[in-house]
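Work the whole structure out from these sequences, hints included.
4 protein chains.
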Amino acid sequence: MRTSSRFDAVRGQTLDLAAPLSEEDCCVQSMTDASPVKWHMAHTTWFFETFILERFEPAFRPFHPAFRMLFNSYYNGVGDKYPRPQRGMLTRPALGEVLAYRRNVDERMAVLLDRRGGDPELDMLLEVGMHHEQQHQELMLTDVKHLLSLNPLWPAYSNAAFEPAPPAAPAGWRAFDGGVVEIGHAGGAFCFDNETPRHRQFLEPYALASRLVTNAEYLSFVEDGGYAKASLWLSEGWDWVRASELMQPLYWRRHEDGWREFTLHGLQQLDPHRPLEHISFFEADAYARWAGARLPTEAEWEHAASAPDSGLTQLFDTCWQWTLSSYAPYPGYRVAEGAIGEYNGKFMSNQYVLRGSSSATPAGHARVTYRNFFPAYARWQFAGIRLAKSAGG
Amino acid sequence: MRTSSRFDAVRGQTLDLAAPLSEEDCCVQSMTDASPVKWHMAHTTWFFETFILERFEPAFRPFHPAFRMLFNSYYNGVGDKYPRPQRGMLTRPALGEVLAYRRNVDERMAVLLDRRGGDPELDMLLEVGMHHEQQHQELMLTDVKHLLSLNPLWPAYSNAAFEPAPPAAPAGWRAFDGGVVEIGHAGGAFCFDNETPRHRQFLEPYALASRLVTNAEYLSFVEDGGYAKASLWLSEGWDWVRASELMQPLYWRRHEDGWREFTLHGLQQLDPHRPLEHISFFEADAYARWAGARLPTEAEWEHAASAPDSGLTQLFDTCWQWTLSSYAPYPGYRVAEGAIGEYNGKFMSNQYVLRGSSSATPAGHARVTYRNFFPAYARWQFAGIRLAKSAGG
Amino acid sequence: MRTSSRFDAVRGQTLDLAAPLSEEDCCVQSMTDASPVKWHMAHTTWFFETFILERFEPAFRPFHPAFRMLFNSYYNGVGDKYPRPQRGMLTRPALGEVLAYRRNVDERMAVLLDRRGGDPELDMLLEVGMHHEQQHQELMLTDVKHLLSLNPLWPAYSNAAFEPAPPAAPAGWRAFDGGVVEIGHAGGAFCFDNETPRHRQFLEPYALASRLVTNAEYLSFVEDGGYAKASLWLSEGWDWVRASELMQPLYWRRHEDGWREFTLHGLQQLDPHRPLEHISFFEADAYARWAGARLPTEAEWEHAASAPDSGLTQLFDTCWQWTLSSYAPYPGYRVAEGAIGEYNGKFMSNQYVLRGSSSATPAGHARVTYRNFFPAYARWQFAGIRLAKSAGG
Amino acid sequence: MRTSSRFDAVRGQTLDLAAPLSEEDCCVQSMTDASPVKWHMAHTTWFFETFILERFEPAFRPFHPAFRMLFNSYYNGVGDKYPRPQRGMLTRPALGEVLAYRRNVDERMAVLLDRRGGDPELDMLLEVGMHHEQQHQELMLTDVKHLLSLNPLWPAYSNAAFEPAPPAAPAGWRAFDGGVVEIGHAGGAFCFDNETPRHRQFLEPYALASRLVTNAEYLSFVEDGGYAKASLWLSEGWDWVRASELMQPLYWRRHEDGWREFTLHGLQQLDPHRPLEHISFFEADAYARWAGARLPTEAEWEHAASAPDSGLTQLFDTCWQWTLSSYAPYPGYRVAEGAIGEYNGKFMSNQYVLRGSSSATPAGHARVTYRNFFPAYARWQFAGIRLAKSAGG
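Here the protein sequences come in this chain order: A, S, F and Z.
Residue numbers 1149 to 1541, in the working numbering, belong to the letters of the first sequence in order.
Residue numbers 1149 to 1541, in the working numbering, belong to the letters of the second sequence in order.
Residue numbers 1149 to 1541, in the working numbering, belong to the letters of the third sequence in order.
Residue numbers 1149 to 1541, in the working numbering, belong to the letters of the fourth sequence in order.
Calculated from the structure, these hints are not laboratory results.
Accuracy of the hints is not assured; some may be wrong.
Since the list can't tell identical chains apart, any single copy or any two copies may satisfy a pair.
Here are the simulated BS3-like pairs of lysine-lysine, each with C-alpha atoms no more than 30 Å apart in a straight line [to be verified]:
| hint | residue 1 | residue 2 |
| --- | --- | --- |
| 1 | Lys1537 | Lys1229 |
| 2 | Lys1537 | Lys1377 |
| 3 | Lys1377 | Lys1494 |
| 4 | Lys1377 | Lys1229 |
| 5 | Lys1494 | Lys1229 |
This is how it looks when you write it as structure tokens:
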């Protein structure tokens, strides 16, 4: 019952997010890293149909035989996949057909949950499916923001007013003793497999900044020539910044009368008080070096964020926070059997962990053990910077 | 009056062609060489607004100030251009707004033609604009066919029945004496500048095939291993065919039970009697060598096609016919002044001339002096093969 | 006898050209379009071994069984080829071994010519082989110049003094009537197959510049912003110039105190009186447009150059002259049987014809019907500009 | 004194390694990741000239003013660099000139060490310089092996006999308790900055394989279709393996009569008993998964290798051993001031740590805390696999 209501709520939230968008907005893919909104809507539905209905529904018949391949993202265990860079080519099925697909699967899910609710395996897959859909809800906003940013008309996703942020609090350092600490999910409630097992790590004493880096602070770095000083950058980052001719965060635009930022509310004056967003790991790392600090490791972040009275603000619901930690399996990590085991483990190379959550993350989705991950050059995510330093450093 | 009716007819034809398509179909760009249908609809409107209304309309004000840049194709003389590879990113303006743009320009054109019709310069630009729109009408079909071909659902543009062709007539050779001949447009009626001036060329005696190469004939080449024999290919074509792993025409698909072809009517059994379409210059050249023949030069084609009782069929309205002629200026060719001069001349390098017209060419658009041109590797045009040989060859 | 002496002279000339170079200079490949000097020395030897000794020598045994593949340039009819972009990887065989290969083949050729000299087929292949080696002699200089130009030490190929050129004569126009003219090789003496058959063309009246464009003249184009004006360029050339950020000819370098040019004599002050060299077809075409002229067609060039008292200077031994003509088969052109037929015909796409000859062309190699050819972007050849215009143009 | 002798010995070792190579072998660069042997010889000399002589030598004058730029590898703090992908273009200075450069710097270093030996800063830089040269000694073998492997003549670097390995000992597991352990260099003797500071880590109980994976064992993986099973690979590795069409280790060649391996002794029968070499991190990781194990972390490796009676063989002098650890700064890591600080820290992204040492590592160079690092796709290093597993795993 409660589960069924949550299912309905999650599924409805996806529709709400797409409501301001036209069929055209929902169809186009802006780059290989991004996917069309329509594809997100179909793929999240495919997840329930393939991993739950196909297994638990008596006399299962697919909504459309081609959808199994068309909306498979990366599950080799499920079979063939439509090539990721061509997701934007799928003008058919039309948005309306995808909405019908959603309704059909929702109805079949309702029947199934009515009959089989409480089955532990079904419940586990249902939980994964809902959290999976929430991940794609954030990606819908991320990806459509990137798409709209390529349009010189600077279209707004939302017509709501873009409120100026209140002045940022002064930044301070919050110290933590370290020692042998425990991180990772302890079980009980839902988590993704990459958060497990809970295990021990040894941490030297360290400190974290009490809040995130603001636009105004990062602007000082930009205006100090931060993008032109090799000594601030990792070698790979430096080569990338020069080859890409980068000089500011992804959505900043320099105008004659000052800086602006493309937002989900269209092009706006750059707000000095807001937390900086849409920078890569390389930029985060260079900024930290410029500021005489470093990025935190994910264990430092989690240990600090878990402490009552940590004195840390903006841990969640602001923006994702790059860590120094390469995305790797925890000691004793085990991949699940079957295609669902492809969810996390196979991506554990050449990516960096981000912690916290962003303004685009659905309510209730993130937690203190949550591990987000992206390649070091990724800029289109809602990602920012929290500084760290070693004790005595 | 008559001009005004023709203008309405041409403009209406564009809308008719788009009628079977959804907003999504009209928005997506399938590759850099192609453009979205919506972009074609806006760009052809831009042409009238920029080259005619901006010049002749009293108190001209643009429909939308950003459209001048957004829908400029390649006219450096007009100013900045939105990057060609990103035309598919323009989910805004929506299709509905582009249709409103068309209506607005059409209304203003109607007022202008009413007042100023008969002005020779305006009439000339109007003629160019209408022929320009007809060129884009063919490209709309060409480009949307390519887009739909990337969709594993094989969507049909048209639901009309796909009729089998009657058996092809036997192919024969039609001989022409050559000598000093004249080619190029003689003036009077409309033509593009690249068709001028009419001038003399010397032709040795030659023969042309009475009809185009059929699917069945080309299938013999495919099944004879034509795509795997280096000796049949130009060196550049051979490298390209191997790197691209090509083994058949663009839209042919080998199924267990025989060959199929993707068409505007969806995926169909390959019709042996239809003229072969959608091959590159390199494939046309290799096929000709395999067949013991060669491609015609454009002068041979035009001279033959101009002869009463030439005995040649399928010259027009079937498919474009690759020639051996590199696209180059005729002796004495002059580029027009201003941005309109960018229409043809600047593309005269590394492209090949095609003659005739295709099933997608609007009625009344082509003529015997017409010069179409595409790069040697282009396959998505409605292009086929007419064989030629030298006398005694 | 006479043939045998010529053979010795041609073979010896290759060694003379390599004499100033070290083993290292001879081994390295500077780009895919170029080949190492050592490779040229081995490939020209391979040509005699493969096309003559293998066929005519009793009890033929290859000098080294792997060389047949290793030094095959592009003859699919001969079999496998070592990949062109990796020719510079062949540090073995060492230069000394390649010289031994040359001596071995020369000795076997001497025996063969002694026995079989006068055999028409052998004589024909011998002629091809000698002209082939002369082509590679020019390429040795072309390619080693490019290699040395990449070295910031600006090494000189030759230590001889770099003499300033005398002031260029004033440029004038020489007019030609045109009409039905004959071009192409008439037979008798040696020529390459691409120069045949001699045939008729119709030419409208035209004029050619009496001499080539000088460095000083081209510098005016550079300083007038020629590389930044889209209206001067073919569309494809403009895209290429901008993407490559080109602003001057290949070997020009702008210093604080004026322009310099990298030459086979090292880095030198730019000589205003010398003919311009090392520009692409696109640059030649843009310069001509800037100068209110155009490039000649190859038929115009050959017809004019064939006229006694043409009034044209610098036709030969100065630099190759880009023409407006795409490289295509002459009417009635026939490819030779067998692998030797791959010499010319298969390259007849997307290249432009150059006429004349350069300071690097071996004496006795070129002639008025000679057709050199390179892609439109090629700059590392000794290629310059002769202007043309149409009568009344 | 002793230092001076060690300096001479290290410098002499470089010459010994180059002795079997020709000028051509020393000049060519086989790929961007590799450098020419001549460049290694000049760059290691440049290191002493730039970081020691330039600072400590009275009246310093460079051997050649251009060498400062020409042989700078990646030190932005030193100034301009010649582009890495073009190192193979430097046919000048000739090998003989580079040898003269070496002799000149060696003589000046001898004078300096005689006068200033014992200066702590000079001694520190001298140590770095000698270890730096030893690193390049290994790279000389690594890079020249890659170069020779591209030559279908399969040239041997060494003419010494290629002895078959004795049968490999049975592989067993050696267990370690873990807990809070210390890793990193404790100071005293020389180490690189990336090995510091010594610090604590917490390890769960684990086991390591007693020896490295053999060719025979990896061949089982190959023959079991390991390269074709997506489920064994990291997602990024799978995409790379398929795009690169990889099916075996870098230097393995499948012949009709069995497998061969290209070695420094030329092409040899694949020796089943030798440790596997020349595989990437991705291949190492996939093999471990196939074998039901995983790779060790660098802390696990170092802790185990530091234990007396660890029971582990082939820790050193066999081949480098991929670890699961991304290359990252140790807690409290500090970069040195000045250009020398660019030695290690700036490469700490998207690379994996390798531990141990290889048959190509100079004697006395490696140690238990040594951190080698390469990108996950690198195959041309002498790198192999030691398996690990978690206790109870």
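Results of checking the hints against the structure:
When the C-alpha separation of Lys1537 and Lys1229 is checked against a cutoff of 30 Å, the pair qualifies neither within a copy, at 44 Å, nor between copies, at 33 Å. With identical chains, the CA atoms of Lys1537 and Lys1377 are at most 30 Å apart within one copy only, with a shortest distance of 22 Å there and 43 Å across copies. Taking the shortest alpha-carbon separations for Lys1377 and Lys1494, only the inter-copy value of 13 Å comes in at or below 30 Å, while the best intra-copy value is 35 Å. When the C-alpha separation of Lys1377 and Lys1229 is checked against a cutoff of 30 Å, the pair qualifies only between copies, where the shortest distance is 16 Å, while the shortest distance within a copy is 43 Å.
In this homomeric assembly, Lys1494 and Lys1229 come within 30 Å of each other (Cα to Cα) only inside a single copy, at 17 Å, whereas the closest approach across copies is 38 Å.
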